[in-house]
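Chemist: Both chains are given apart, each in its own frame, so use the hints to dock them into the complex.
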Amino acid sequence: MAEMTMAKALNLAMREAMAEDKTVMVLGQDVGKDEGVFRITEGLLKEFGPDRVIDFPVAESAIAGVSVGLCFTGFKPIAEMQFSGFGYHAFHQIENHVARFRNRTRGRYTCPMVVRMPYGAGIRAIEHHSESREAIWAHLPGLKVVIPSGPRNARALLRASIFDPDPVMFYEPKACYRAFKEEVPEEPEVMEIGKANIVRPGDDVTIISYGASMRPVLEAADELEIEHHIDAEVIDLLSLVPMDTETIVASVKKTGRVVVVHEAPKNCGPAAEIIARIVENALMFLEAPIERVTGYDLVMPFFNLEKFYIPDAHRVVTAAREVVSY
Amino acid sequence: MPRGKIELKNYVESLSILDADGNVDASLEPKLDAQELRLAFAAMLRARRYDERMLKLQRQGRIGTYGPALGQEAASLGPAFAIGKNDWLVPSFREPAAMLHRGWPMHKLMLWWGGNEFGSVVPDGVNDLPICVPVSSQCLYGAGVAWGCKIRNDGTIAVAFTGDGGTSEGDFHEAMNVAGAFKLPLIMVVQNNHWAISLPREKQSASDTIAQKALAYGFNGIQADGNDILSMIAATREAADRARKGGGPTLIEAVTYRLGVHTTADDPKKYRTEEEVECWRAKDPLIRFWTYLLAKKVMDEKARELLEEEINNEITAAVERTEAYEPDVLEPFRHSFATMPPHLEEQMMQFQAYLESIGAHPGRASNDKIETARGIH
Ligand SMILES: Cc1ncc(C[n+]2csc(CCOP(=O)(O)OP(=O)(O)O)c2C)c(N)n1
Ligand SMILES: [Mg+2]
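Protein chains in written order, with our numbering: chain A, 1 to 326; chain S, 1001 to 1377.
To be clear, the hints were calculated from the coordinates, so they are not data collected in a lab.
Please note: incorrect hints may appear among the correct ones.
Only pairs whose alpha carbons sit at most 27 Å apart, straight line, appear in this in silico BS3-like list of lysine-lysine [what the hints assert, rightly or not]: (1) LYS307(A) / LYS1056(S); (2) LYS1203(S) / LYS1031(S); (3) LYS33(A) / LYS1269(S); (4) LYS1203(S) / LYS46(A); (5) LYS33(A) / LYS1031(S); (6) LYS1203(S) / LYS22(A); (7) LYS181(A) / LYS1270(S); (8) LYS1213(S) / LYS46(A); (9) LYS254(A) / LYS266(A); (10) LYS33(A) / LYS1203(S); (11) LYS1203(S) / LYS1296(S); (12) LYS1213(S) / LYS1203(S); (13) LYS1031(S) / LYS1283(S); (14) LYS181(A) / LYS46(A); (15) LYS1203(S) / LYS1056(S); (16) LYS46(A) / LYS1056(S).
Here the structure is a predicted model, which means the values were calculated and not measured.
With the rest of the complex left out, here is chain S (with noise of 0.2 Å):
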């Protein structure tokens, strides 16, 4: 055989439709109704004013610490926005817009990052998993949920999100390996913002983009603007499209930034200049999408302040109810195994003792603590 170049079925395609100064390509637009673009609009500034507030509570002392993804707001809601209700959201922990837009109270988001595993409860009639901490893990339970999908045969898909940091763990690629060779309805979404805590995108991986790992696995990938939210949509509709008619799964690469810290015990000014972050932040997508909007005069100055004002009050209301949360110090004991075994039993005598020895009030109960239990029964 001679030397030639192999044609590869597959392709990695980009998309940008509404750039950084809210130009857009009407060619490309995914038809989304007026109410649609004011509900995308909602949630993503929903999730901007709630990272501002968490990173307040944490600096206050109020929270433990705290990892925002100020910035990405598109990059996370637009596949949560693009598929349905009965599909599957499987989370990395810098979607807040994602997952309050698929219906997480947000007082739960707050006590996860709070210290509280009511905080990892997944609300009834949702179907997403909890925040997931350890870097990509979480792909590989994803791609088991796609299968599922799959072989139930109802129509259902799944979404995972990771970063760009996380396309370097094993994790990832057996996932993306696995989604391929089985042809799972799995949407495999990274987060490209750029930093892996410290580690510039450049240094994480040479691959050119990060959409063209799909190649390696026999899938398609699309590298879209992760800040417009657009973009974000029609690639996600496209690719949920294609997993529905048993096309396989899709790679999804949001180019995006981190605009804040990695989480409030990072300093990026030991690894990046401001004048990167400065100019990340003419291309906010909040920004481009509200010129956008006024454009198309489907939203004014004046809906935008009522919808500030009844955000803050949503905030405001979540902050009140996570700090009446009185954890039940015995749970951990009670959601080990369905049924305790008897060396459990012994201990929690024994940390039942330890308490009352010490002045804690054990077993103390509040709402929340029947809504876990109803969560996890």
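In isolation and in its complexed conformation, chain A is listed as follows (with noise of 0.2 Å):
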């Protein structure tokens, strides 16, 4: 066991990945000698070399598309979208090649890479760098959207997504990278795409999040118990698509109160597919009416007024004692 943080974590899992399978390869801008911009791919080209750490020109759009042919022709591309908010360049060919070509060609062609892109606010970043917008690809059929949530998760996370044999969106929270450590085993780990962690059993009310803001959910969650002596059951879902409707199901039946919580707006965010999911299968369990801890349908703010945008345990707070006392 070592401690590390996210973005130890995630190099991790990417260099154990590479050592073990030589058809892996990272493709991105500032991969290679600046090691990312964040860091993440540190040590990747001085070990691999320039054939399988590629410095990309500034064309996300080609950084996607290229990797499905890299992919046709036998390769594991783990593509990396600097920030989130650049992903939308490639978002044509992610939608209209990445999410089909398993189901238009029968499987004679597949897309088994990673997109892995940093998203969400809190590190008062410019304009463009603080969106969370994963709902636009959960909304692509063929595409699998994980997001991690600490460093253990992350590289269980990222080995399982780059061998995974279909596409997946890969969403960092950046604001995790080196917000905490954690305790990482030194043998490769891998969890299942799609099974949400019950990251804290409790009986009152379920709060449902992932992502970035499992950190104020779980401050909620102490304050709760603490303040206002409220169980709290707590559920990091880890992957959006596929999502584990069975622990949120066998949750709200236990619990009957429900908040969700992400940072994405509100809009058709993740929470509207979440609590229908909760209404198709737990409708005579519920106790009260859900609420949703969200960012507000607006563009993102500058990061001056950030902070009073992303939704933080203040807010998880009101809306379980709202829920718990109805």
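Modeler: This is the structure we're talking about:
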């Protein structure tokens, strides 16, 4: 076991996969010599050379599109978008090719690639560097959408994503890259994509979240217990597609009360899908209307105001208390 | 048909008027009177001192990440200097010299880098677009603006900026193609500062020059010495003239160098040598232009001192104004649509309640807030 940050854990997952499997490649802007603007690809160029770690021109559509072709010729590309805010350039390649090739060729051609991108607010970055738009990718049939929340699950899920036979959009909460450390096992670890994690068992209310929002959620859960004697069950989804309906539903059947939390905007956000599944599968178990604590339906404000606009523990506590006291 | 060489009607040129030592090719000198020369120098010096202060403010934690344009003052000022007030300037993010010259108050640029939307509010009377972060995306609306100029037939043109890295984006090529196909009055300026974060120019593209990319789209390209303000003004004047006469677009490759960090979050030691930077320091656009002005007796040390003081005062006042700015926390809601739809009204009320519960002061007004509102409506 070694203590490490999420940045190091992601790096470790790539290093392990590249050492084991010569078809794994890394492509992205500044991923080689510069070792990534967040240093996630530290040491990879030195260890695996310029044929496998590619410093790419400033062209996101090309990073995604070229990766598709590499897949056809037997490679497993890990494509990095420097920020999720620039991943939209690759949208067309991802929707029209990455997500569809398996289906339209009936499995003759597939895209076992990972598209990694840092997302989310909280690091006082300039415009276009703070959005949470995971719902966009979750809406596209044919893609898996994985979002880790800490060093250990980041490493295990990235490994699973690299070796997954299908394309995975891997959203990395950049505010968590270096925010805290966790014990990570010596041996490579894999987590099944599509399985949620009950991070904190509880009986009074289910709080469902993922990624960067897990930190305020866990803070809120502590506050709920200590200040308000509310025992929250916290679910970390870890993957939006596939989504672990079973774990969600089982918890809701137990607590009857739900709060869903994410940084992404509210309108057609992941919470809407989560709640729809609850309504489809556990409507009669609900004892209160479900609350959503999300980003507002606004362009992400510039960073001077961002702290007010990111869902915090206070908003989660308020929502949970309302749901519990209904 | 036999095999043969295809002659293209368009061509690529290079242009250098004032070299690094301050020697000038008098036959190529653009017409600039003493006052214009002083103005150009003042604008470059202003941008340099602004950058230096911004780097300090960043280190002190008074603004966010900053991307300086040290060494690129001539490349970005030249085109702005050579066009008219009614023409359009479409910047990327490394053109403070151009923006300040066009009339952007300094504190606005400071506010942008300090994380305030007010920094994107184009000042009244300025035909510019705000700073644009997604690389080369501005090239396309630049082409759209040029198209509008052409349809309105009012003699105005557009100048769009991008970088060497920006030439790899599809948006750049689509803009170039549209500009060529529709003969738009667009000047595309590529600040080739040799680096796109850690990727050197030669790895960005196998083209010998960036200027030659114009040929593929059916118009002329010119590779100008981007550290020579005279070359940049001359190249832009010619291109502007052609555009106004219906001759279509021009690509200007401004060969320059990013003397500083990509942004304050970047460590260039990881990917380039100090020797390379030193070599370019000797080609500093300000040094050669100053030598030229001294030789021309357009300015002297005394005038320089006065100018430095004036700029210093302006920067200090801009910093004060920036730091006195109190954003209205609710403002993002007010500017989402012309009329706030019900779902946002509801969210704003919830947000207000949240602000009250955490003891924040929503909706505190400041003078700049009133300016913001005026700028938008
Ligand atoms: C579409 C897009 N992709 C990536 C980025 C991140 N990024 C910011 S600047 C930059 C390099 C741009 O290089 P260049 O065009 O040469 O401009 P320079 O920074 O040298 O002025 C990159 C990759 C971005 N802002 N937009
Ligand atoms: Mg560059």
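Chemist: All hints, please: hold or fail.
Modeler: Verification of the supplied hints:
1. LYS307(A) / LYS1056(S): Judged against 27 Å, a Cα distance of about 24 Å means the pair holds.
2. LYS1203(S) / LYS1031(S): violated (38 Å)
3. LYS33(A) / LYS1269(S): holds (10 Å)
4. LYS1203(S) / LYS46(A): holds (18 Å)
5. LYS33(A) / LYS1031(S): Cα-Cα ~45 Å, so violated.
6. LYS1203(S) / LYS22(A): Between LYS1203(S) and LYS22(A) the Cα gap is close to 24 Å, so the pair holds against 27 Å.
7. LYS181(A) / LYS1270(S): holds (26 Å)
8. LYS1213(S) / LYS46(A): violated (34 Å)
9. LYS254(A) / LYS266(A): holds (26 Å)
10. LYS33(A) / LYS1203(S): Roughly 12 Å separates the two Cα atoms, so the pair holds.
11. LYS1203(S) / LYS1296(S): Cα-Cα ~41 Å, so violated.
12. LYS1213(S) / LYS1203(S): Satisfied, since the Cα-Cα distance of roughly 16 Å is no more than 27 Å.
13. LYS1031(S) / LYS1283(S): Measuring from Cα to Cα gives roughly 23 Å; hence the hint holds.
14. LYS181(A) / LYS46(A): With a Cα-Cα distance of about 25 Å, the restraint between LYS181(A) and LYS46(A) holds, given a limit of 27 Å.
15. LYS1203(S) / LYS1056(S): violated (32 Å)
16. LYS46(A) / LYS1056(S): Violated, at about 34 Å.
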